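Asks: Sequence:
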Amino acid sequence: MEKSIERFKKGAKYVNIESAVRRDHLTSINDTSDDYLNLKCVKFIPASGAATRMFEDLYKYLDDKIATESINQFFDELENITFYEEIKDFIEKENIDKNVTSDRIKIIDYILNSNKMNYGNLPKAVIKMNSYKDFSTTPIEDA
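Taken in order, the sequence shown gives residues 1 to 143; the numbers are from the UniProt record's numbering.
For the record, the hints were derived by calculation from the structure and aren't laboratory data. All of these numbers come straight from a predicted model, not from anything done at the bench. Relax, there's no trap hidden among the hints.
Calculated cross-link-like contacts (lysine-lysine; reagent style BS3-like; alpha-carbon spacing at most 25 Å):
| no. | residue 1 | residue 2 |
| --- | --- | --- |
| 1 | Lys106 | Lys93 |
| 2 | Lys106 | Lys88 |
| 3 | Lys60 | Lys10 |
| 4 | Lys98 | Lys116 |
| 5 | Lys93 | Lys128 |
| 6 | Lys3 | Lys116 |
| 7 | Lys93 | Lys116 |
| 8 | Lys65 | Lys3 |
| 9 | Lys60 | Lys88 |
| 10 | Lys98 | Lys65 |
| 11 | Lys106 | Lys3 |
| 12 | Lys65 | Lys93 |
| 13 | Lys128 | Lys98 |
| 14 | Lys133 | Lys88 |
| 15 | Lys88 | Lys124 |
| 16 | Lys106 | Lys65 |
| 17 | Lys9 | Lys124 |
| 18 | Lys65 | Lys9 |
| 19 | Lys124 | Lys3 |
| 20 | Lys60 | Lys3 |
| 21 | Lys9 | Lys116 |
| 22 | Lys116 | Lys88 |
Please work from the sequences and hints to get the whole structure.
Replies: Given below as structure tokens:
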């Protein structure tokens, strides 16, 4: 609980993000069709900030070490999670057993807090969420 309170007090760390498109890649308004120009934006829903809510159950597990149904499901499906390839080497190198509480904590800490992934502080738009046959992508890459 103390970690959660401390995380709340400090807030999420900001991430330096580069522009997704360089200025020279932008389309000039003169190149845009009249049909497009006549469209009206009805609603825009931006991606939320840091993915702390998305990983809420993992943070809770770090604090209380109670394996809820969602935690057990997370570890049952660990190898199927889109970003598994990013943690696979760590798990093998550290000889981690996903069924051991202390190792589960190491995995979650690696995903959320380490310099390697830091997913708990990244915007959801840059977290690998979509799997294809030979690769995975972030929502930004799919846009």
